[in-house]
Amino acid sequence: MMRGWLAVVLFAGLVVMLAIGLTRDPSRVSSPLVGLPVPAFQAERLNLAEEKFDSAALRGEWSLLNVWASWCTTCLEEHELLMRLSQQLALYGINHRDTRDEAQNWLQVYGNPYRSSAFDEHGEVGIELGVYKVPETFLLDPDGVIRYKHIGALDEKAYREEILARIRGERS
Amino acid sequence: MKRVTAWGFCLLFMGSACLAADETGDERYQALLYELRCLVCQNQSLADSDAELAGDLRKRVRDLIDQGMTDKQIIEHLQARYGDFILYRPPFAWRTVALWIGPFVLLALTAWLLLRRIRRRHARASGGLSDAERERLAKALKRGDD
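Sequence order for the protein chains is A and B. Each residue of the first sequence is one higher than the last, beginning at 1 in my numbering. Each residue of the second sequence is one higher than the last, beginning at 173 in my numbering.
With the rest of the complex left out, here is chain A (with noise of 0.2 Å):
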């Protein structure tokens, strides 16, 4: 009898373990720069080739980082929503393996919501960041720390609940 629920109990634990194995989505790794300061680059800006954009100069205030490119197709999901954010967020673009004139073009396509953007050609800045599935985005709150990494297309729900949150100070 006892063997019994032995086994019931041993079971019920295996299914539940692999139930919540099943939520998880195994493309989103945590980043490890999550809690840190940002990373120390600098790159051309992208309108501004003989500018640097610095990624020391990002503190002071809230921000968004956000790498983009003009190939990436789920990079068009989340404009509008940047667009908006943009009227009332600090937001600087990381412009990641593109050409300068594709890049610039898909701007004036779509509509600008970055501050500036660093041009990032051959992906080294990603490397820095960590970066592996563009769009992705960062949260550097006004030390500039990392306070949170999103991975994909950013959405309604995901900024609510991930950046405002931790903007309005509800979680850290």
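No lab work stands behind these hints, which were simulated from the structure alone. One thing to keep in mind: the hints can contain errors.
[To be verified] If the Cβ cut is set under 10 Å, some of the chain A residues that face chain B in the computed set are: (1) R97; (2) E124; (3) G126.
[Claimed, not checked] When the alpha-carbon atoms are kept at most 30 Å apart in a straight line, the in silico DSSO-like pairs for lysine-lysine are as follows: (4) A:K52 with B:K231; (5) A:K133 with A:K157; (6) A:K133 with B:K244; (7) A:K133 with A:K52; (8) B:K244 with B:K231; (9) B:K314 with A:K133.
[Stated by the list, open to error] Chain B regions said to be covered by chain A (calculated; three or more residues, Cβ under 8 Å): (10) 209-215; (11) 222-229; (12) 247-254.
All C-beta atoms in this analysis are idealised placements derived from N, C-alpha and C, irrespective of residue type, glycine included.
The hints should help you fit chain B onto chain A, whose structure is shown.
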């Protein structure tokens, strides 16, 4: 020996792995690439993957070797940016104890259960009697004496 293994891999996975080997011939570079996982095609190493990210990371590994970094430093460099996931061999730490020790615990547990069961069956088969049975037997024998 390592070279033989590398060419073995090449024959095994023809295609991209061979191209990567031809690009350099540097054994350290090759060995490192097989230790590192591509985050885009998650079941491929940096050596095997055709993803653009894998290409960027191969270039980064090459640059770091040229800068004179040790294998350990290079792995830490990438681990700091992409996390443990980039390693095919996860580190041994508290959060990975279940991963490393778990299978052995399960094996030991199963072996113990199996042994216990075999012993019991053995005891039964070889005529081992419980106390109650022995008592009954003794009584029956006594009756037989009368």
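Hint check:
no.	hint	verdict
1	R97	holds (7 Å)
2	E124	holds (8 Å)
3	G126	holds (7 Å)
4	A:K52 with B:K231	holds (24 Å)
5	A:K133 with A:K157	holds (20 Å)
6	A:K133 with B:K244	holds (26 Å)
7	A:K133 with A:K52	holds (25 Å)
8	B:K244 with B:K231	holds (17 Å)
9	B:K314 with A:K133	violated (85 Å)
10	209-215	holds (count 3)
11	222-229	holds (count 4)
12	247-254	holds (count 4)
Hint check: a violation occurs at hint 9 only; the rest are consistent with the structure.
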